[in-house]
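Numbering follows UniProt numbering, with no gaps: position 393 of the sequence shown is 393.
These are calculated hints, taken from the structure and not from any lab test. Here the structure is a predicted model, which means the values were calculated and not measured. It is possible that part of the hints are untrue.
[What the hints assert, rightly or not] Straight-line distance between alpha carbons at most 30 Å, and here's what the computed DSS-like set of lysine-lysine pairs gives:
no., residue 1, residue 2
1, K255, K58
2, K306, K364
3, K540, K491
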Amino acid sequence: MKKNISISLLSLFVFVISCSSPKTSDIEEQVQESKVILNNSNLSHRLNEGNLGVIGIKEAPKEDPGSANTAVMSKNAVTDVASNIPMVLIAEVSAPVHEGVTLRATHVAINGDYAYVSYNVEGSTYLGGIDIINIADPTAPVIELQAILPNTDISSISYYNNSLFIAGATNSNDVDESNPAVVIKMELQGGLPTENISLIDVSSYVATDVIANSNGIYSVSGDNGDLSKYDLNSNNIIKSIPLNDLRAIGEYNNKIIVLSGTEGIHVYDSNNLNAVKSFSTSQDIVESKRTIDFYDNNVLVAEGKKGLEFYNLDSGNNSATIDLPEVTDVNIDQNEVVTNAVTVTNDHIFLANGAAGIAVHDLKDGISNISKTGTLDINGSSNYVKSKDGYVFVASGNGGFKILKVVEDDSNSSGTDIICTGLPIYTGTSWLNVNSNNPQSYSGSASLNGLNVNDDLTFCGSLAVRNGLNINSGGNFYMSGSIVQGSVHNKWNSFNINNNATFYIEGSMVIYGNMILNDGATIEFLGSGSSVTIYGDVIKNGNVTIKGDYTDTFNKL
Numbered sequence: 001m002k003k004n005i006s007i008s009l010l011s012l013f014v015f016v017i018s019c020s021s022p023k024t025s026d027i028e029e030q031v032q033e034s035k036v037i038l039n040n041s042n043l044s045h046r047l048n049e050g051n052l053g054v055i056g057i058k059e060a061p062k063e064d065p066g067s068a069n070t071a072v073m074s075k076n077a078v079t080d081v082a083s084n085i086p087m088v089l090i091a092e093v094s095a096p097v098h099e100g101v102t103l104r105a106t107h108v109a110i111n112g113d114y115a116y117v118s119y120n121v122e123g124s125t126y127l128g129g130i131d132i133i134n135i136a137d138p139t140a141p142v143i144e145l146q147a148i149l150p151n152t153d154i155s156s157i158s159y160y161n162n163s164l165f166i167a168g169a170t171n172s173n174d175v176d177e178s179n180p181a182v183v184i185k186m187e188l189q190g191g192l193p194t195e196n197i198s199l200i201d202v203s204s205y206v207a208t209d210v211i212a213n214s215n216g217i218y219s220v221s222g223d224n225g226d227l228s229k230y231d232l233n234s235n236n237i238i239k240s241i242p243l244n245d246l247r248a249i250g251e252y253n254n255k256i257i258v259l260s261g262t263e264g265i266h267v268y269d270s271n272n273l274n275a276v277k278s279f280s281t282s283q284d285i286v287e288s289k290r291t292i293d294f295y296d297n298n299v300l301v302a303e304g305k306k307g308l309e310f311y312n313l314d315s316g317n318n319s320a321t322i323d324l325p326e327v328t329d330v331n332i333d334q335n336e337v338v339t340n341a342v343t344v345t346n347d348h349i350f351l352a353n354g355a356a357g358i359a360v361h362d363l364k365d366g367i368s369n370i371s372k373t374g375t376l377d378i379n380g381s382s383n384y385v386k387s388k389d390g391y392v393f394v395a396s397g398n399g400g401f402k403i404l405k406v407v408e409d410d411s412n413s414s415g416t417d418i419i420c421t422g423l424p425i426y427t428g429t430s431w432l433n434v435n436s437n438n439p440q441s442y443s444g445s446a447s448l449n450g451l452n453v454n455d456d457l458t459f460c461g462s463l464a465v466r467n468g469l470n471i472n473s474g475g476n477f478y479m480s481g482s483i484v485q486g487s488v489h490n491k492w493n494s495f496n497i498n499n500n501a502t503f504y505i506e507g508s509m510v511i512y513g514n515m516i517l518n519d520g521a522t523i524e525f526l527g528s529g530s531s532v533t534i535y536g537d538v539i540k541n542g543n544v545t546i547k548g549d550y551t552d553t554f555n556k557l
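Build out the structure end to end from the sequences listed, making use of the hints.
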């Protein structure tokens, strides 16, 4: 019989808070005895701002329509197409290091203004960690707390009803050493941990995933493991079902869906864990991390060397496939090109393909016509990806953790001077040139490599421009919505408003490089509630005009 261990946090864990300043010998003694080490100061050095800015999309082709079962790439694909998912890198977090050991990110849970990132290490060492990152201001994420768990591996983490649920394994004295799998329930207050914590003993060597809802707590464990349900309040076990090699668990339409690396997908009702159906997927590499997600009554399964498979939850039939990308780079180990994780947001699929990075596919035309958007131009391999609420989180093993944000028209401007009704969606190339005597107007979401405006351009929606943006003499750019431009590491790919050119904005503007305003340039903020955030320098060459109601985040204008 599985046991429930419920102890106050202070009696279970000895905390070491780095904002205090005890003697070094005292710290070492406390660390040796502790089970959790908390640090809430001097964490800003783990945030790297050098790569912030617009994320480019590599290999952004048009694809031939796929069959009902496969997304098929055209051999004669057009390779200069603007992406319809503008994205920016807003934070890059280096992995925590404990006693010379660098941890690797394993999972993320999101609630409101907080991202909870779990970490682990490979091998037999029990060592994990959790970062609590405040993302309330996308322009300035903050690591509010770092927790190191010297005795506990963390496989995954989830949030429900002001609590974190942590799946992993521990060699704590409170858990059977022959059965080290564990789920930890940690209550939160104001988004941060409290003293209230419970340990739930789980069968097997490691709990691989966990979720919670109003019906209870559900966990899965690996070799000789179980799918188990626990009471949400008492943590007592309600039901346990033996299943081998469980990797992931999810909830969809009041069903609990689990993935076994050897037995495929199993579907249960959420209330009583009565079996609904099961169907096979491919056999997977033992102990490899895999995730699932859901779209339009399909479960999406990351299947390693088989890429991504869609399975209809009613019939169990395979309904679509996304194969692994072809990688020609001789420096990439082909054995490391595997689909580890999948996540869906805003009708886009993000695939963590190991050494091949993060691939993005478009679902707006349904699973019978999946098209590849491209590969995110970010450094490092990709072992895990998760999206929620417009954010995309990418884990790169020991390379750290990246937080990306989808640029959305989320401005609070009340301006009405720009007419947006009936404008066509932009579907052109990644470089937009508005030539003289050829005014253009568009709407929607677009990610461009560059933009040159020599006449009138109206854009309503969300727009990202990776490289230079030029409004040339006599040009007028009317922007309603949200626009981001440039990157911190290449600030001279600037936002240029040249002689006698005007930029009209109602909404939000974020510039990661420099802004250059030449003689006679005008920026006019329309309506009320507009904002501007400029990371680089503002260079004014001559007389310039800036008018209207706006908030300047860094007081650069």
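So, going through the hints one by one against the coordinates:
Proximity of K255 to K58 is assessed by CA-CA distance (about 37 Å); at most 30 Å being required, the pair is judged violated. Note on K306 and K364: the hinted pairing holds, with a Cα-Cα distance of about 23 Å set against a maximum of 30 Å. Using a Cα cut-off of 30 Å, the hinted pair K540 and K491 holds, with the two alpha carbons roughly 16 Å apart.
The structure fails hint 1 only (numbered hints given earlier).
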